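Participant: Here's the letter readout for the chains.
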Amino acid sequence: MKFFKSQKPPRDYFQYVWLLLGSLILFSVLSFTQTKIVIGNYELKDSGIRNFFLPEVLPLANIADTIKKTGGNDKVDSSAQKFLLIGDSMLEFLRVRLNDYCRKNNHTMNTVIWYSSSSLWYGQCDTLKYFINKHKPTYVLLVLGANELFVKNITTERAEYVRNIVAQMDPLPFVWIGPPNWKDDTGINDLILRYAGKDRYYPSKKLSFERTKDGAHPKRESAYNWMDSVAVYLQTEARYKILMAKPDTFLNKVPPTEILKPNPPF
Amino acid sequence: MRWTNIIHNLLSYDASSPMLFNSGQFLFFFILFLIAYSFLYNNKLSRTLFVLGFSFFFYYKASGWYLIVLLITLAVDYLLAHAIYKAKQQKYRTLWLIFSLCTSLGLLAYFKYTNFFLENWALLSGNDFEPLDIFLPIGISFYTFQTLSYIIDVYKRELTPTNNFLDYAFYMCFFPHLVAGPIVRAKFFLPQLKKKIIMNPEEIQRGFFLIMQGLFKKAVLADYISQYNDLVFAAPGTYSGFENLMAVYGYTLQIYCDFSGYSDMAIGIGLLLGFNLGINFNKPYQALSITDFWRRWHISLSAWLRDYLYISLGGNRKGKVRQYINLFITMLLGGLWHGPSWKFVFWGGMHGLGLSIHKFWKKFVMPGEFESKWGSKIYNLFSWFITFHFVVFLWVFFRANDFNTAWTMITQITSDFDMAYLSPFWDVRYLFVVLTLVGFAIHAIPAKLYPQMENLYIKKVPFIIKAAAFVLLIQLCLQFRSESVQPFIYFQF
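If you read the protein sequences in the order shown, they are chains U and X. With the numbering used here applied, the first sequence closes on residue 275, and no number is skipped along the way. With the numbering used here applied, the second sequence closes on residue 1770, and no number is skipped along the way.
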C-alpha cells in the first residue's frame, strides 16, 4: 500500500497555501525588520512575530533612586486637595472610588479620560498642561501606560515623551499611577519609575487584578481595591503625602468627566 | 532566545495563550498541515493518522493534558457502542446505554457542574461554600453531545457503529469542530470518511471565503465591540440608559459574530480539506418568530436538543399541553448546557416559554396567513421586531454576571434613557458604532443574495484581489485586536 499517493489537490488549494505562506512571510519580514508603516494618522500595528522569537529583555531602571528630591513633605498634609485625575481608560472605575475618597476627605476632583492614549500621545502635545491650566489642581493623578505595555524598544523610543509628561506636571505634586499589567511589559514601568521617581510612581503592576472579559481592564471591585492601595501610597509613601482616609461606603457614583476621543493628537 | 526554547514554546501548552483559529500559532501550524495534507489526503490511512495526530496536537495546545479526558471518552464510547450493538437482549442494550450516559455525562457533570451543585447545596444547607479548583476542559460540552448522539443512534438502531476505531476517532476529534462545534452527526460524517476525497475547486474557494468571513466576524467585529460591552456589563449602574442599551445591542452582535465566526472558520477549514460539516447559523436575527430563531441559531445544537431531548420527552405526540412542557424542559436543560448558573437556566427557560407561547399563538390565535400582501408585510415586520427584542432582552441575562447586574442594566435602560447621549456617544465611540452597524448590515443581507455574493467571490474576483483582501484582513485583525488573543465565547460552554 502506498502511503503517499501522487494525485495532487487542485491548483486552487495550492494558491491558498501559497497565500497563507506568503502572508506569514510578509508579516514576519515586516516584524523582524521593525518596519513602520504609517497611513494618514494611523500606524500599522506589528504582528508581534519578532517578539515571539526575540523577546526584549530590558534592564531594570536603576537611576530612579538617585533622582534628587525637590520639595515634598514628611507629614501628611490634611488640607483639602483639588485632584486632576487624568489618563487612559484604566481610570474608568478608579474615578468612581476616588470620588468616594474626595467626599470622605473634603477633596474635590476633575476627571479627564483620553481613550486609547499613551505616553506617545500625551508626550507630544500640551493636553495635560491644558487641563492643568484649566482646572488648577493641587494634585495630579496620572493613569497612563496600559496601551503601551508591549511596545518594542520603548525605553529608547518613548523616554522623551515620558520626560515631557513629567515636565508638564512639575512642579505640581503628582503621582503617576502605573499600568495594571496583565503580562510583563517591555519597559514602560521602568521608564515611568526612571523619570517620576519612586515616590511619584505607584507600581500598579505589583497588584493582582480580577479582569473584565477583555482581559485587561480591572473589574469594578478590583479597581476599587486598586484605588484603596493608591490612597495608602498617597498618604504614606508619596513625595507629597496627603490625607486619604478610607471611606466607609461605596457611592458607586461616576464623577463628571471630560472625555477625549480616542484619536492621536497628530 | 535559544532555538530549543522557541521550539518548546511552539509545541507546549500555554494556558495564557491557547492555540485558537485566530492566533498566529495556528496559522503557522495550519500552513505546515496543509502542505503535508496535500501529499497525504489521497491515502485514507495516512490521511486519517495525520489528521488525527494534528487534531490531538490542536486539542493539547488548546486545553493541555485534558486531552487524556478526551481520549478516555473516545475509547469508552467506542467500546460501549459496540457492546450496545452486539447485545442480544434489550435489557443489556439499555444497561450499556445507561453506562455510557453515566460515563459521558458524569465527566461533564464533574468538570462543569460540581461547583454549581456544591454551591447550591451549601446555600440550602446554610453552610459555607469553598469552590473546588476544577478546570473546564475546552470543548467538553461539544464532544460529549457528539458522542451521546453516536451512542443513542446506535441504541435506536439508526446507526451501525463503525468497526474502524480510527474512523470513529477522526469523526469525534476532527480539529475544525472539536472544541466548539458544529456538533456533527455520525450518520452525516462517517460516510464522508469512507468515500474518496475529491477536492472540488469551488468548495476550496468557498471554504476560504468562509474562513475569511469568520475571521472578520470574530477578530475584527466581535473582539473590538466586546471591549466596550465588557466595560458596561461590568458596572451598568455607572453608565446611562443609552450607553447600556448600546452595550446590549453590541453584545447581541458580538455573540453572533463570535460564535458564527468560529463556525464559519470551522466549516471553511473542513471544506478546504474536503469535508462537509453542515451549517450552524443562518442569519438568526432575521427570524420572524422564536421558533424560527432556534432553526437559525446554533442549528447543530438546536437539532441535537430536538432529536435527543425534546422527542425523547414525547415531543408533540402527547398533546398540546405536554408539548409546551416538553419545549420548556428542553430549553431549560439547553440553558443549563450553556453554563453552570441559574442565569443560564433562566435564559433557557424563558426561551422555552417563548417557544411554547409561539406554538400556542400559531395553533389557536393566528393559525393562517394574511391574505393581503401589505397586511402580511406589516405582520412580519412586527413579528421580527418582537422576536429580535425578545432575544436581545434575554442576552442581558446571558451575559450579565448575575441577576442583579442584569436588572441594574434593564433599570438603567428604562429609567435613565435620554437620546441626548447620542451625539457625545458618537463622538467618543464612533468606531464601536460603525463596526456594530457594519455587523448588523452584513447580517441583514437577504438570504437570497448571499449565495450570489459567494459565487461572485468564487468565480469573478481575480486571485490577486483575493490575496490583497486577505492581507488587508490580517492587518485589520492586528489593528483591532487587544493585546492578547480573545477566547471564543462558546469555549466556556
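By construction, these hints were calculated from the structure, which means they are not laboratory data. As the structure is a computational prediction, the values presented were derived from the model and not from experiment. Do not take every clue at face value.
Computed, partial: chain U to chain X, Cβ under 8 Å [to be verified]:
#1 Lys17
#2 Asp21
#3 Tyr25
#4 Phe62
#5 Val175
#6 Lys270
Note that beta-carbon positions come from the ideal geometry of N, C-alpha and C, so glycine has one too.
Participant: Which numbered conditions among the earlier hints are violated in the structure presented, ordered from lowest to highest?
Facilitator: The structure breaks only hint 5.
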